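Going down the list, the sequences are from chains A and B.
Be aware that the first sequence starts at 1, since it is given in this note's numbering, and climbs by one per residue.
Be aware that the second sequence starts at 1, since it is given in this note's numbering, and climbs by one per residue.
Read the hints as simulated data drawn from the structure, not as lab findings.
Mixed in with the good hints, there may be bad ones.
Unchecked claim - Here are some of the chain A residues that sit facing chain B, going by a computed Cβ distance under 8 Å:
id: 1; residue: Leu79
id: 2; residue: Asp134
id: 3; residue: Leu157
Claimed, not checked - In silico negatives: residues of chain B with every beta carbon more than 10 Å from chain A:
id: 4; residue: Ala37
id: 5; residue: Arg46
id: 6; residue: Ala50
id: 7; residue: Leu138
id: 8; residue: Ala192
id: 9; residue: Asp260
id: 10; residue: Glu304
id: 11; residue: Asp334
id: 12; residue: Ala366
From a predicted model like this one, the values you see are computed outputs, not experimental measurements.
The beta carbon of each residue, even a glycine, is placed where N, CA and C say it ideally should be.
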Amino acid sequence: MSRVDSTHAAGTLESALRARKAAGHKLLIPYITAGLDDQWLLVIEALAGAGADAIEIGIPFSDPMIDGSVIQESSLRALARGTTPDGVLADLSRIDVGVPLVVMTYYNLIYRAGHERIAGVMHQSGVSGAIIPDLPLEEAGVWAQAADPEEVATVLLVAPSTPEDRIGQICERTRGFVYAVGRMGVTGEQAVLADSAREVASRIQALTDLPVCVGIGVSNPEQAASVCEVADGVVVGSALVRRLLEGGGPDGAAEFVGSLRTAIDKG
Amino acid sequence: MTTSETTRPDLIMGDPGPTGRFGEFGGRYVPESLMPACIELETAFREAWADPEFHRELDGILRNYGGRPTPVTECRRFSEHVGVRVFLKREDLAHTGSHKLNNVIGQGLLARRMGKNKLIAETGAGQHGVATATAAALFGMECIVYMGEVDTKRQELNVFRMELLGATVVPVVSGSRTLKDAVNEALRAWVASVDDTHYCLGSVMGPHPYPWMVREFQSVIGEEAREQFRSLLDGSDPDVVVACAGGGSNAAGIFAGFADATSSDLVAVEAAGGAAVTTGIPGVLHGMRSALIQDEAGQILEAESISAGLDYPGIGPEHAHLAEVGRVRYEAADDERVLEAFQLLAKTEGILPALESSHAIAWVMAAAASGELAPGSTVLVNLSGRGDKDVAQVRDILRGRA
Chain A
1 MSRVDSTHAA GTLESALRAR KAAGHKLLIP YITAGLDDQW LLVIEALAGA GADAIEIGIP
61 FSDPMIDGSV IQESSLRALA RGTTPDGVLA DLSRIDVGVP LVVMTYYNLI YRAGHERIAG
121 VMHQSGVSGA IIPDLPLEEA GVWAQAADPE EVATVLLVAP STPEDRIGQI CERTRGFVYA
181 VGRMGVTGEQ AVLADSAREV ASRIQALTDL PVCVGIGVSN PEQAASVCEV ADGVVVGSAL
241 VRRLLEGGGP DGAAEFVGSL RTAIDKG
Chain B
1 MTTSETTRPD LIMGDPGPTG RFGEFGGRYV PESLMPACIE LETAFREAWA DPEFHRELDG
61 ILRNYGGRPT PVTECRRFSE HVGVRVFLKR EDLAHTGSHK LNNVIGQGLL ARRMGKNKLI
121 AETGAGQHGV ATATAAALFG MECIVYMGEV DTKRQELNVF RMELLGATVV PVVSGSRTLK
181 DAVNEALRAW VASVDDTHYC LGSVMGPHPY PWMVREFQSV IGEEAREQFR SLLDGSDPDV
241 VVACAGGGSN AAGIFAGFAD ATSSDLVAVE AAGGAAVTTG IPGVLHGMRS ALIQDEAGQI
301 LEAESISAGL DYPGIGPEHA HLAEVGRVRY EAADDERVLE AFQLLAKTEG ILPALESSHA
361 IAWVMAAAAS GELAPGSTVL VNLSGRGDKD VAQVRDILRG RA
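Based on the provided sequences and hints, a complete structural model is requested.
See the structure below:
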């Protein structure tokens with residue numbers, strides 16, 4: 001398959017990421033679970049201050065089937081604190097950290113809230129993208145129709161198992177960036193970066209000019225730098241959330257994300 | 001049933017097509033990592049199901065190893081008690097003690113055809129886990145079974161049975177530690193092992209093609225039962241066909257023989273604490289759009305039932321559809337009535353039904369008592385499994401009351 005340049009109008013998320021890329025920066029997208037503790041909004045501000053290019057915010061779901069033990073634990077804690085999708089979005093509407101906010105959640109919460117309504121609330125809350133890992137290309141149409149007019153970018157995922165023709169189709173339909181799944185497995189820290197992380201990024205970049213960010217299994221500054229030799233950026237979740245679960249707070253989050261920033265900028 | 005018959009689009013229980021839709025329900029809501037495997041599985045199943053050689057091998061194993069066909073038994077003393085004529089389709093007599101074997105032999109053969117040598121499975125009561133471990137032993141495959149920690153305690157003997165059969169049982173400690181969480185954990189494990197591993201899902205649920213494929217593998221129950229009933233009662237069909245439903249595979253299997261071929265009333269009985277169709281709301285979980293027990297925000301709630309096998313907050317998508325089009329009526333039975341049914345069938349017929357199947361019996365008793373079932377009407381109940389696994393649990397409950 002030949003490389004296809006994107007033809008859709010770039011939304012706010014894509015424009016922001018492309019601008020950073022054009023300025024020669026690698027993209028750093030840390031993930032946290034909303035409602036994890038009473039400091040989570042301060043953590044978001046700290047992440048922006050520490051050099052995040054966008055921030056992925058998990059709206060907790062009772063059955064996070066693509067998540068490993070750390071994100072499962074943070075989701076349970078957040079739910080036990082009474083965290084709801086509407087509550088998270090209302091909280092986000094009260095902050096402006098100067099970088100795009102992208103929510104990650106499971107499709108049932110979207111479906112239950114109603115596609116149009118929740119897309120509208122996301123827009124009003126300053127959210128410019130949504131990652132819904134259990135909503136693959138074939139099922140994404142109804143949601144994307146509601147999200148597109150609200151300028152909420154539907155970020156689709158490509159996995160190491162995705163064949164080439166399918167990567168092309170996903171790149172056509174994704175908005176904002178392409179989320180490259182770094183390894184065949186659930187979210188969680190890995191001692192060694194899987195070979196598949198760099199491989200999948202290369203395969204996608206041969207097919208699109210959209211930003212390509214690798215997440216799942218990228219755990220530390222060294223791994224982030226290695227991935228960024230190939231990819232446009234990285235998403236780092238479990239390694240950060242573990243630090244928050246251990247009580248690291250906004251300062252600990254900023255220190256860790258700062259170290260990721262330094263590592264990928266050196267490359 | 002012949003393959004050409006099942007692919008006709010005018011059928012109530014037909015082929016859900018490439019998108020796996022039963023009306024508005026079904027679909028394939030899985031992470032991208034699993035999409036290629038689900039597509040591969042659908043292709044492999046369509047090819048196998050159209051291949052007479054596959055059917056020959058499957059039918060041969062079910063007959064010579066699995067003990068099929070299972071009989072239909074008329075329950076004379078129980079019938080006198082309740083006032084309607086009750087017949088049981090005896091899936092309790094199938095090898096491993098439940099209908100679950102029909103599905104795992106089919107999926108095991110399919111896994112071998114796809115070159116996959118490892119099986120993973122979720123289990124609630126342990127019946128599907130035992131069946132999968134059995135198929136793995138028969139086919140010389142590795143087997144890992146995910147089981148909620150709560151259920152490993154409720155069904156200790158089944159855990160040991162699986163281990164005797166060579167399987168590894170992994171207690172699941174996330175979430176509510178029951179069947180729903182075992183499915184989550186099996187899906188997580190499948191993402192990491194999809195190259196060489198087949199996920200042997202135990203019910204008519206999950207992403208396409210599972211709901212359809214598992215129903216097809218279980219439809220042997222309904223095909224046999226319809227013909228057996230006709231030969232017992234001079235060519236007539238039962239007034240009512242009843243089955244319990246958690247995920248809904250035994251119900252789908254027996255209904256498949258009656259939904260299109262007869263005008264029998266069809267009744268599925270859910271656990272009162274996990275009645276997805278009667279109290280649930282459409283949503284998306286475990287790869288499917290179906291009826292789910294959930295809160296206002298869409299968080300999945302825990303089901304609660306005396307029977308681990310029905311302790312599931314959802315139901316297969318085809319059931320949500322059959323309820324919507326009105327071909328099947330969905331009822332619920334509470335734990336108390338289920339215990340009564342369990343004991344009455346044992347005392348009047350010498351048959352210990354599984355607690356799951358006891359839900360269907362309980363509804364028959366209640367409907368006959370209320371007059372909802374006319375006196376003398378004929379009722380075919382799918383006795384989906386035997387109750388030996390539940391004896392210790394029932395003893396503890398009854399002793400606690402003495």
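Against the structure, the hints come out as follows:
1. Evaluation of the Leu79 of chain A hint against chain B yields a held restraint, the C-beta minimum of about 7 Å falling below 8 Å.
2. Interface restraint check: Asp134 of chain A against chain B, minimum CB-CB distance 5 Å, threshold 8 Å, status holds.
3. Interface restraint check for Leu157 of chain A: the shortest CB-CB distance to chain B comes to about 4 Å, inside 8 Å, so the restraint holds.
4. Consistency note on Ala37 of chain B: stated as away from chain A, yet its beta-carbon is not over 10 Å from all of that chain's, at 7 Å minimum.
5. Annotated as non-interface, Arg46 of chain B keeps its C-beta farther than 10 Å from every C-beta of chain A; the closest such distance is 17 Å.
6. For Ala50 of chain B, the non-interface assignment is confirmed: its Cβ lies about 23 Å from the closest Cβ of chain A, beyond the 10 Å cut-off.
7. Every Cβ of chain A is farther than 10 Å from the Cβ of Leu138 of chain B; the closest lies at roughly 29 Å, confirming the non-interface assignment.
8. Chain A draws Ala192 of chain B into its interface by the beta-carbon criterion, the shortest separation being 4 Å against a cut-off of 10 Å.
9. Look at Asp260 of chain B: its CB is around 28 Å from the nearest CB on chain A, clear of 10 Å, so calling it non-interface holds up.
10. Every Cβ of chain A is farther than 10 Å from the Cβ of Glu304 of chain B; the closest lies at roughly 15 Å, confirming the non-interface assignment.
11. No Cβ of chain A approaches the Cβ of Asp334 of chain B within 10 Å, the least distance being about 25 Å, so the stated non-interface status holds.
12. The beta carbon of Ala366 of chain B is kept farther than 10 Å from every beta carbon of chain A, the shortest such distance being approximately 32 Å.
Hints 4, 8 from the list above are not met by this structure, while the remaining hints are.
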